[in-house]
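Those sequence lines, one after another, are chains A, B and C.
Just so you know, the working numbering puts 76 at position 76 of the first sequence, and the rest follows in order with no gaps.
Just so you know, the working numbering puts 309 at position 309 of the second sequence, and the rest follows in order with no gaps.
Just so you know, the working numbering puts 15 at position 15 of the third sequence, and the rest follows in order with no gaps.
Read the hints as simulated data drawn from the structure, not as lab findings.
Treat each hint with caution, since some may be false.
Stated by the list, open to error - Partner residues are not named here, just some residues of chain B that face chain A (Cβ under 7 Å, in silico):
| no. | residue |
| --- | --- |
| 1 | K223 |
| 2 | L252 |
| 3 | G253 |
| 4 | E392 |
Each residue gets a CB set at the ideal place from its N, CA and C atoms; glycine is no exception.
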Amino acid sequence: MIPLIEQIIVNGLLSGFAYIVMALGFTLIFGIMRMVNFAHGELYMIGAFTVLVFYGVLKLDFITSVILAIAVAVIVGALIERLLFRRFVGMELGGMIMSLALSIILQSLALIIFGPAERSVDRPFTGVWAIHHAVIAIDRAVVAMGSLIILAAFYTFLRYTRTGLAMQAVAQDRDTAGLMGVESNSIYLIAFAIGSGLAGVAGALMAPIYTISPYMGHLPLLKAFVVVILGGLGSVPGAVLGGLIIGLVESAFATLFNSTIALIASFVIVLLIIIVRPSGLLGKRQ
Amino acid sequence: MALSFNASRRLTRLAAVLAGAAMAVSTFATSAATLKLGVIAPLTGPGAPWGLAAAEGPKILAKEINDKGGLKVGDQTYQVEVVAYDDQYKTAEAVAAYNRLVNQDDVHYMIILSSAATMALKQNVQDDGVIALTSAYTAKALDPDNQNMFRLYSAPADYLPSFISWMKKNIDGKRVVIVNPNDETGWDQTRLSDAEFKKNGFEVVGQELFERAQKDFQPMLTKIIALNPDFIELGGTSPATAGLIIRQARELGYKKLFTKTGGAGPWEIVASAGPEAAEGTINMLYANPENPGFQRIAAAYKASRGNPPNEIIVSFYDGAHVLLNAIQAAGTVDDTKKVAAAFSKALPMDSVQGDKMTFGGKTHYGVDAQIMTVNYIGTIRNGKPVVLGKTE
Amino acid sequence: MIKHFAIGIVTLAVILSPWVTGGKYELHIATMVAIMGMLALSMNLMLRIGQLSMAHGAFMGLGAYTTALLCMKLNMPPVLAIVIAGLMVGLIAIVLGTIFLRIKGIYFVLLTYAFGEIINLIFQEWVSLFGGNNGLYGVPKLSAFGYRLTDPGTYYLLTVVFVAATYLLIRKIFRSNIGAILDSLEQDEPLSQSLGVNPLSWRIGVFAVSAMLASVAGSLYAFKIGFLSPQAFSFSLSVDLVVMNVVGGALSPIGPLLGALIIVPLPELLRSVKDYQLLCYGVVLLVFLVFFRDGLMGLIKKTQKAAI
Numbered sequence: 001m002i003p004l005i006e007q008i009i010v011n012g013l014l015s016g017f018a019y020i021v022m023a024l025g026f027t028l029i030f031g032i033m034r035m036v037n038f039a040h041g042e043l044y045m046i047g048a049f050t051v052l053v054f055y056g057v058l059k060l061d062f063i064t065s066v067i068l069a070i071a072v073a074v075i076v077g078a079l080i081e082r083l084l085f086r087r088f089v090g091m092e093l094g095g096m097i098m099s100l101a102l103s104i105i106l107q108s109l110a111l112i113i114f115g116p117a118e119r120s121v122d123r124p125f126t127g128v129w130a131i132h133h134a135v136i137a138i139d140r141a142v143v144a145m146g147s148l149i150i151l152a153a154f155y156t157f158l159r160y161t162r163t164g165l166a167m168q169a170v171a172q173d174r175d176t177a178g179l180m181g182v183e184s185n186s187i188y189l190i191a192f193a194i195g196s197g198l199a200g201v202a203g204a205l206m207a208p209i210y211t212i213s214p215y216m217g218h219l220p221l222l223k224a225f226v227v228v229i230l231g232g233l234g235s236v237p238g239a240v241l242g243g244l245i246i247g248l249v250e251s252a253f254a255t256l257f258n259s260t261i262a263l264i265a266s267f268v269i270v271l272l273i274i275i276v277r278p279s280g281l282l283g284k285r286q
Numbered sequence: 001m002a003l004s005f006n007a008s009r010r011l012t013r014l015a016a017v018l019a020g021a022a023m024a025v026s027t028f029a030t031s032a033a034t035l036k037l038g039v040i041a042p043l044t045g046p047g048a049p050w051g052l053a054a055a056e057g058p059k060i061l062a063k064e065i066n067d068k069g070g071l072k073v074g075d076q077t078y079q080v081e082v083v084a085y086d087d088q089y090k091t092a093e094a095v096a097a098y099n100r101l102v103n104q105d106d107v108h109y110m111i112i113l114s115s116a117a118t119m120a121l122k123q124n125v126q127d128d129g130v131i132a133l134t135s136a137y138t139a140k141a142l143d144p145d146n147q148n149m150f151r152l153y154s155a156p157a158d159y160l161p162s163f164i165s166w167m168k169k170n171i172d173g174k175r176v177v178i179v180n181p182n183d184e185t186g187w188d189q190t191r192l193s194d195a196e197f198k199k200n201g202f203e204v205v206g207q208e209l210f211e212r213a214q215k216d217f218q219p220m221l222t223k224i225i226a227l228n229p230d231f232i233e234l235g236g237t238s239p240a241t242a243g244l245i246i247r248q249a250r251e252l253g254y255k256k257l258f259t260k261t262g263g264a265g266p267w268e269i270v271a272s273a274g275p276e277a278a279e280g281t282i283n284m285l286y287a288n289p290e291n292p293g294f295q296r297i298a299a300a301y302k303a304s305r306g307n308p309p310n311e312i313i314v315s316f317y318d319g320a321h322v323l324l325n326a327i328q329a330a331g332t333v334d335d336t337k338k339v340a341a342a343f344s345k346a347l348p349m350d351s352v353q354g355d356k357m358t359f360g361g362k363t364h365y366g367v368d369a370q371i372m373t374v375n376y377i378g379t380i381r382n383g384k385p386v387v388l389g390k391t392e
Numbered sequence: 001m002i003k004h005f006a007i008g009i010v011t012l013a014v015i016l017s018p019w020v021t022g023g024k025y026e027l028h029i030a031t032m033v034a035i036m037g038m039l040a041l042s043m044n045l046m047l048r049i050g051q052l053s054m055a056h057g058a059f060m061g062l063g064a065y066t067t068a069l070l071c072m073k074l075n076m077p078p079v080l081a082i083v084i085a086g087l088m089v090g091l092i093a094i095v096l097g098t099i100f101l102r103i104k105g106i107y108f109v110l111l112t113y114a115f116g117e118i119i120n121l122i123f124q125e126w127v128s129l130f131g132g133n134n135g136l137y138g139v140p141k142l143s144a145f146g147y148r149l150t151d152p153g154t155y156y157l158l159t160v161v162f163v164a165a166t167y168l169l170i171r172k173i174f175r176s177n178i179g180a181i182l183d184s185l186e187q188d189e190p191l192s193q194s195l196g197v198n199p200l201s202w203r204i205g206v207f208a209v210s211a212m213l214a215s216v217a218g219s220l221y222a223f224k225i226g227f228l229s230p231q232a233f234s235f236s237l238s239v240d241l242v243v244m245n246v247v248g249g250a251l252s253p254i255g256p257l258l259g260a261l262i263i264v265p266l267p268e269l270l271r272s273v274k275d276y277q278l279l280c281y282g283v284v285l286l287v288f289l290v291f292f293r294d295g296l297m298g299l300i301k302k303t304q305k306a307a308i
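One chain only, chain A, in its complex shape (with noise of 0.2 Å):
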C-alpha cells in the first residue's frame, strides 16, 4: 500500500507541475485584462508543434528548439491581442466568444498544414530514478524543474521589474494606474504575450511526453482552467496552489478509480469553489 501512495503522491506532484506553468498563463490574462481565452489550449499547441518542426524534423537540440517555441507563442500571442482581442478589452462576453473563435482557427491550420495524426519526437531524456518506492521519469522530472525555474523567472519579474509593478497596477485599478502615467494597451500587448509565451513553453516541454496533435491543447485548457478557478483568477500562488492540489487530487482519483472519474471529480470542485468561494482559495475578493 505504501509504495502506491508514494507514487500517487509521486505522480500527483509531476503532472501538478506541468499544470502550473499553463495555469500561470491563463491566471495572467485574465487577471491583467479580464479575459478568459479559450485559445489558451492551442497556444499550448503551437509551442509543441514549433517544437516538432525545429527539433524533430529539423533536429537541432531540445533547448533552443524550446527558446524558438517561446519566441513564437509570444509573437502569435502578440499579434493576437494587438488585431483582435484589443477591441474587446473590458467585453467579457465578447473576448471569450473571440477566443472561442480563434481556437477553431488555429486548430484547424494546424490540422491543414500537419493533418490529424498524432506525432512523437525523440524523447530528449530518458531512464528513471528510484526514490524510496516511487518511481520518477527523468523527463518528467525534467519538466517539473523548468516549471520551477519559470515561476521563479515569472515571479522576480513581477515583483522587481517596472513592468511587472506596473501590470498588478493596472491589474488592481486601471485608471489610476492611468493617472500614474502607465499605459493600458502596452501592458495588455506584454501581459497576452507573456501569457501565451508561458502556454507555449508548457507545450514545448510536454512535447517529447506524449504524442503531438491539433487537438492536443483540449485537455491541458480544461485543466488550466480548473486550476485557476480552484486557485483564483489572476492570482499567482493561487496558480501553484491549486495546481499541485489538482494534480494529487486528480492522481489519486485515477489511480484508485479511473481518468474520468477523476475529471468528474475536477470539474465538481470547481463548481463548489464558484458557488461557495468564487475569488478561489487565493483570490482577491471581488
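Based on these hints, arrange chains B and C on the given structure of chain A.
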C-alpha cells in the same frame, strides 16, 4: 425604404434555396455506365488515418479496374467511381452523408467505417435496399434479420481463438492484465479475450479501461504493475496510445511483454514508444509489410497522399474487391437482393496478399454475412514489424 | 402591408419546399435546421436577460436521453415521455438556477460550462444507464394516438410546428409586460427590485423555460436519429449555438433561426473543401464578431434604417 428591407430579407432566404438547387443540379452531371461505391468514414479529425484508408483503398482498386477497361457485369462494362464523404466520427453527419449518397448520388453500395455510424444506419440500409460493408467490430452489426449489412473482415470473436492459442505456444508466463479503451469495441475485446485467455490456461489478474483521449497512464500503470503480470494485453487500443502506454510502463520499471490483439499500426506504436521500449511487442497485423500485394497498394497511396497509409487499407481494398466480385457474380448492378445473395458465390476468393477469404459468420452472428479473413501475428524487432504467424 | 405579405409568402415557400419536393437528403438537413433553430432560440432566451449559458447542450442531451430511456425501458408513450422529460429537465434547471443564478457575468458562464462537462462525462461513464461512449441506439419512432411517424416529410412538418411555436412564444414574451420585466433584469436590476420584482425568481423562471425548450429539442432529435451518443451533446454543440446567435444576431428571435439556417447546412455546402471547413467556420465567426457584432439581424436593421 420598403424595397431595400425586402431585398435583404428575400436575398438571404433565396440564397439558401439557390444553394440547395445548385447542389441538386451538380449531381446530375455524372457519366453513363458508372458504378458508384460510397464510403462513409472520418476523413478529418482523429479517426482520419483509418478513414482515409477506407476511402483510398477502394479508390486504388477502382483505378486498377478502370485502367484495365472497367468492370464487366453481364453485357455492360462500368467505370467504377468511389464517392467518399466525411462523417467526422459523428452520427448526425454519418446520417447526412448516407442521405446524400443514397438520394443525391444514387449510390446502392457503400462502406461504413465506425460502429456508431454502422449501428445508426443499420435499419436504413435494410429499408432502402442498400448493401453496406462495415469495418466495425461490434457483434451487433450483423444479425439474421438484416440481409444487407456485411462485415468486411474477421472480428475478434473469429480470430482471437487462434491468436491466443498461438500465444499459448509462444509466450512465457501466464499472468495477464487486459487493457482496453472505454467504449463498446473495448468492452467487446475485453470480454472476448478474457474468455479465450482463460480457455487457454492463462490467468487474468486484472482488467482496466481508459478514456479515448487520455494521455497520462501513470496512475493506471501504477495499479497494473502492482499486480505483477507476465504480460499486458492492449486489445483495441489505438496504436499511438498503445505506444504511450508502453513507454510510460517502461519508465515505471515494467520490463516484461506487451501484446496487442486488436487493430494494428505497428509503425505508430514504434513512433510513440521508441524502438527500445516497443521491442518484442506482439501485435495483430492486417498486412505483412514484406508482401508484394500490400506494398503495391501502399506505394499507390503514398503517391497520391504523400505519406504511408495505415495498413488497414488492405482490408478496405479486399472488401471492395469482394463486393465488386459479388456484383459480377450476380450479373446486375441494380438488383441489390441478387447481389446480397451472390456473396456466397463470390467467395472463396484470394486477398491482395494471397490469402484465402471465405464467407462465414453463422456461428457467432446467426447468419453468414462476414468475409472471413486471415490476420497476421507480428512482433516488433529493431523498430520494424516482423511476421511470425497467421490466424485462422 | 403588401411588404409583409410578400415576406410571409416567400418564407412559407422556403419552409415548405423540402416537404413538397420530398427529397430525403433535403428533409434531413431541414429537420436538423428546425431542431437546432429551436435549441438556438432556447439559448437566445438566456442571452436576452444577459446570461450566456453553455449548459444548453447538456440540457438537450438530458432531454434526449431521458425521453429515449422512458420509451425504451418503461414503455412510456412517446408524447408523454417528451412532456415528462421536459418537466424533469425544467426541474433540474430550477434547482441549479437557484444556486447558479446568484452569480453573474463570466462566472455564470464558467459554471454552466463546468456543469455541461460534468453531464457529458456522466453520459460517458454511467454505462449501464446511458450506454457510455458507444451510445444508445434503437430509440423507437415517435408515435401518437396509435400512429407511427416514420415518414421524414411528416416528421419535418412536426419539427417546423415546434420551432414556429417556440419562435412565437419568445416573440410574444418579449412584446408583453413580462418582456419589459425581463429587459429590466438585464439593464437595471435595482430599478426592477424597487418595483417589487424579485429578479432571482424571474431569472430562474427564464432558465427553466429555456432548459425545457432545449429538452424538447433533444426529444425531437432522439426520435429523428434513433441513436444517441455523448459526443452529440458536447461542448462543441454549445459553441455551435453561440455561433448561431452571433451570426444571426441575438437581439431578435429571428436571429438564432437565421443563424441555424446558415450554420447547420454549412458542412454540407463545404463538403468539397472539407479540409478547410473548420477554418471557414472559425473565420465566419471571427468576421461577424469583429464587423457585425449584432449579427445578420443587426445588419438588416441597419440597412432598413439607412434606407429611410
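(request) Would you list, in rising numerical order, the hints stated earlier that this structure does not obey? (result) 4
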